[in-house]
Amino acid sequence: MAASKERKRRYRFAYMMLTPGVILLIVFTFYPVIYGLPLAFTNYSAVDTTDWVGFKNFDKAFHDPDFWISLKNSLLYVIVVPVIQILSILMAVLVNNKLRFVQFFRVAYFIPVVTSMVAAAIAWKWVFEEQGILNYFLETLGVIDEPISFMAEPKLALYGVMCVTIWKGLGYYMMIYLAGLQSIPSELQEAARIDGAGWLQVIWRITIPLLMPFVLLCSLMSVMGAIRVFDEIFVMHGPKGDPVSSTLVTSVYTYKLAFQDFNFGYSAAVGLVVSLLIMVLTILLFRYTRKGGLTYYE
Amino acid sequence: MERTIRKSATILAVTMMMSSLLAACSGSNNTPDNTKQNAEATPSAASNNTKEEGEGSKQEPEKKEPVELSFWTISLSPNFDDYINGRIKVFEDQNPGITVKWTDLPYGAMENKLLTSIAGGKSPDVVNLNTGMTMTLAGKNALVDLNAEATEEQRSIYFEDLYNSTKLGNSAYAFPWYYGLSVFAYNKKIYEDAGLDPNKPPTTMEELKQQAITIKEKTGKYGFVPSYNPPADFYFQGVPIISEDKTKIIVNTPEALAWAKWSKELYDKGIVPKESISADANYATDKYQSGQIATLITGAQFLNRVKTNAKNIYDQTLVAKMPSLKPGGKYQAGLMNVVVPTMSKNHPEAIAFANFITNDESQLAFAKIVNILPSTKKAAADPFFTEAGTDSESMAKVITAQMASQAQDFSLGIRNEGEVLDFLWKGWQAMLTGKETPEEMLKNAEENMQKKLDEINAEN
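Top line first, the protein sequences correspond to chains A and B. Going by this note's numbering, the first sequence opens with residue 1, and the numbers climb by one from there. Going by this note's numbering, the second sequence opens with residue 299, and the numbers climb by one from there.
Take these hints with a grain of salt, some might be off.
[Claimed, not checked] Computed list of lysine-lysine pairs in DSS-like fashion (alpha-carbon distance at most 25 Å, straight line): (1) A/Lys60 x B/Lys562; (2) B/Lys516 x A/Lys240; (3) A/Lys240 x B/Lys619; (4) B/Lys562 x A/Lys72; (5) B/Lys750 x A/Lys240.
[What the hints assert, rightly or not] Covered by chain A, according to a simulated footprint, are these stretches of chain B (three or more residues, beta-carbon under 8 Å): (6) 370–376; (7) 716–729; (8) 746–758.
These aren't lab readings, by the way, just hints derived from the structure by calculation. As the structure is a prediction and not an experimental result, all values here were calculated from the model. Don't be surprised by glycine CBs; every beta carbon is placed ideally from N, CA and C.
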C-alpha cells in the first residue's frame with residue numbers, strides 16, 4: 001500500500017516535470033502541425049477569402065514541375081547522409097585515441113556546429129565565388145586554367161551547398177559517435193587485436209557493429225535534416241533555388257509558396273507530401289539498421 | 299494506466315484536429331466578411347470626408363473620437379528618425395485627435411509581418427511597401443482602392459506614370475512615395491589603367507559592352523555586373539510583355555530576341571561574372587567597393603555605402619547618366635509606395651496620413667536629407683534638384699533628377715503577376731546557362747506565361 005502511494009507520488013512528480021515541455025510542444029509543434037493539415041485542403045492565403053478545395057492542391061502539386069524538381073533535389077540531398085556519417089565516425093575514432101592535443105581537435109571539429117548557419121553560409125559563398133578562395137587555390141595549384149563558377153553553374157550549385165551541410169554537421173555527429181565509442185568496452189577491441197585484426201578490421205568488425213544504435217539515431221536525424229535543409233540554401237541561393245531551380249528543395253519551395261506567393265494552402269499540401277516522404281524514409285532506415293549494439297550481441 | 303493515457307492522447311489529438319478544422323472553416327467565413335464590410339463601409343466615409351474636408355494635409359477628419367494610426371515603414375530607422383518623427387508631429391498638430399504610432403521594419407521582414415498581422419486581425423493603418431509587394435497584396439484584395447476612396451485632390455499631386463504603377467484594372471492601390479534611379483558610377487583609376495578616357499563614360503549599353511571588353515583584356519577585372527531584371531529590361535527595350543486589354547502575352551519579339559542574344563554573348567564570353575545570373579544588389583556594390591569591378595550601376599542613394607565602406611574607391615568614383623537600353627527610352631524607378639490595408643479600421647484618417655507623408659512638402663524635406671527623388675510634381679520641380687555640388691553624391695542627385703521625367707516602375711497591372719513573370723526569370727537563367735537558346739527561351743516563356751495568364755483571368 002505504502003509502496004503504491006510512493007509510486008503514485010513519483011508518477012505525479014514525473015508528470016509535473018514533463019508538463020511544461022509538453023505544453024510547449026503542443027503550442028509550438030503539435031497545434032501548428034495539426035492546424036496545417038486542413039489548410040492543405042483549402043486555398044488559404046491569410047488575406048483573401050478561404051474556400052475548401054478538396055484534393056486540388058495535391059493534384060496541382062503532382063502536375064507542378066517545380067514540385068518535382070524540388071522533390072528530386074531534396075532526395076538527391078540525402079547523399080550527404082552517408083558522407084557525414086562515415087566521416088564523423090572516422091573523426092570520432094581519431095579523437096577517441098589518446099593523442100596529444102586531442103582536446104584541441106575535439107573542440108576544433110565542434111566549432112562549425114556552434115557557428116551561426118547564416119554567417120557560415122555567407123562565408124562559404126565567398127569560398128565558392130569565381131574570385132573566391134577555392135578558385136584561387138585551384139588556379140595556383142594548376143588544377144584549372146579558368147575559374148569555375150561553383151555558385152552559378154546549375155550542375156555544381158547543389159553540391160556546393162552540400163559541402164556546407166557536411167562541414168557544419170560533422171562535429172555534431174562526431175560528438176554523438178564519440179559518446180558511443182566511449183561506451184564500448186575496450187576489451188572487445190583489444191581481444192580482436194590479439195586475434196590479429198588490423199586497425200580497419202577492428203573498426204569494421206567490432207566498432208561499427210557495436211555503434212549501430214548510434215548510427216541509426218544519427219542517420220535518422222541526418223536524413224530528416226537533409227530533407228528539411230533550408231538555411232544554407234536560402235542564404236546562398238535565395239528563395240527560388242537559383243540558378244535555374246538547381247538548388248530548389250522542398251522546404252525552400254514551401255517557404256516560397258507560403259511567404260512569397262501567399263499560397264498557404266498549396267504550401268501546406270506540399271509540406272504534407274514531404275512529411276509523408278520523411279516518414280517512409282524513417283521506416284526504411286529503422287528496418288535496415290535495427291541490428292547491432294551491445295545488447296544485440298549479448 | 300497506459301490505456302488511459304493512450305485514450306486521453308487520442309481525445310486530445312481529435313479535439314485539436316476538430317478545432318483546427320473549425321478554425322480553418324471559420325477563417326473562410328471571417329475573412330471575406332471583414333473585407334467586404336470594410337469595402338462597403340469605407341467609400342461612404344471617404345465620400346463624406348471628401349465633401350467636408352479642405353485640402354490635403356490640412357484636412358480635419360470629421361471623426362471626433364481619438365484615433366491612433368499605426369504606420370509601418372521599411373528600413374528608415376534609425377537614420378531618418380528625426381525626419382519621420384518630425385513629419386508625424388506636424389500631422390498630429392494639424393489633425394487634433396489623431397496620433398500616429400510609427401514602427402520600422404527591416405526590408406526582408408515587412409511582407410511576413412504584415413501578412414501575419416492582417417491574418418491575425420491586427421492590421422496596421424498605413425504601410426510603406428515596394429511596388430512588387432503592393433501588387434501581390436492588391437491581388438489578394440488586402441489593400442484599399444485609392445481610386446475609390448481617396449479624393450481627386452489627394453491623387454492629383456503625383457506623377458501619373460508613378461501613380462499608375464500599382465494599377466489593377468480601374469483601381470490603384472498606393473500613393474507613390476520616394477524612388478531612386480540608377481546612376482552609372484565608375485572607377486577612374488581602372489578606366490585609366492585600361493587605357494580608357496575617364497571623361498567618356500558609355501552612353502549606351504553597347505558602348506558599355508565595348509569598354510567592359512577592353513577593361514577585362516587590359517586589367518583582368520570585370521567591366522560591370524549586369525543586374526538582370528528580364529521583365530523590366532524587356533519592357534524598357536520596347537517589348538510590350540502584355541496587350542492593352544491584359545489578355546495576351548507578347549514577349550517573343552525581335553527586340554526581345556536581340557536583347558537576349560546580346561546578354562547571352564556577354565555571359566558566354568566571360569565579359570561579365572557568371573555569378574551575375576543570380577546576384578543581388580549587394581553583390582555588385584561589394585565587388586565595386588573592393589576594387590574588383592570597374593563600374594557600378596546603382597541607385598544614387600546607395601553611393602553613400604561606398605563612401606562609408608571604401609573611402610579610397612569613393613574618391614576615385616565618377617558618376618554619369620545610366621547607359622540607356624534604348625535611345626530616348628524610359629528608366630526603371632525603384633519605387634516605394636504607401637498603402638492602406640483594407641483591414642484598417644480608420645480608412646479616411648489613414649488615407650489622409652498616407653497622403654500627408656507623401657505630399658510635396660514631406661517629400662522635398664526628405665529628398666534634402668537623402669539622395670532620393672520625389673514622386674510629386676511640385677516637389678520634383680524645386681530648384682534643389684538642379685543645384686550640383688562637386689562630390690559624386692551631389693552630382694548623382696542632379697543626374698537622376700534630369701532623368702525623372704523618363705522614370706517608370708514596371709508592373710504588368712494584373713493579379714498574381716509574379717506567377718506570370720516567373721517563367722521569364724527562369725527562362726532567362728536557363729538561357730544564360732545554355733539549357734535553352736534565346737529563341738527557345740522566348741517561345742517557351744511566352745507559351746507558359748500565356749497559359750498562366752489565362753488561368754488567372756479565368757479565376758477572376
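Now the hints, each set against the structure:
no.	hint	result
1	A/Lys60 x B/Lys562	violated (33 Å)
2	B/Lys516 x A/Lys240	violated (36 Å)
3	A/Lys240 x B/Lys619	violated (32 Å)
4	B/Lys562 x A/Lys72	violated (28 Å)
5	B/Lys750 x A/Lys240	holds (18 Å)
6	370–376	violated (count 0)
7	716–729	holds (count 6)
8	746–758	violated (count 0)
The structure is inconsistent with the numbered hints 1, 2, 3, 4, 6, 8, although it conforms to all the rest.
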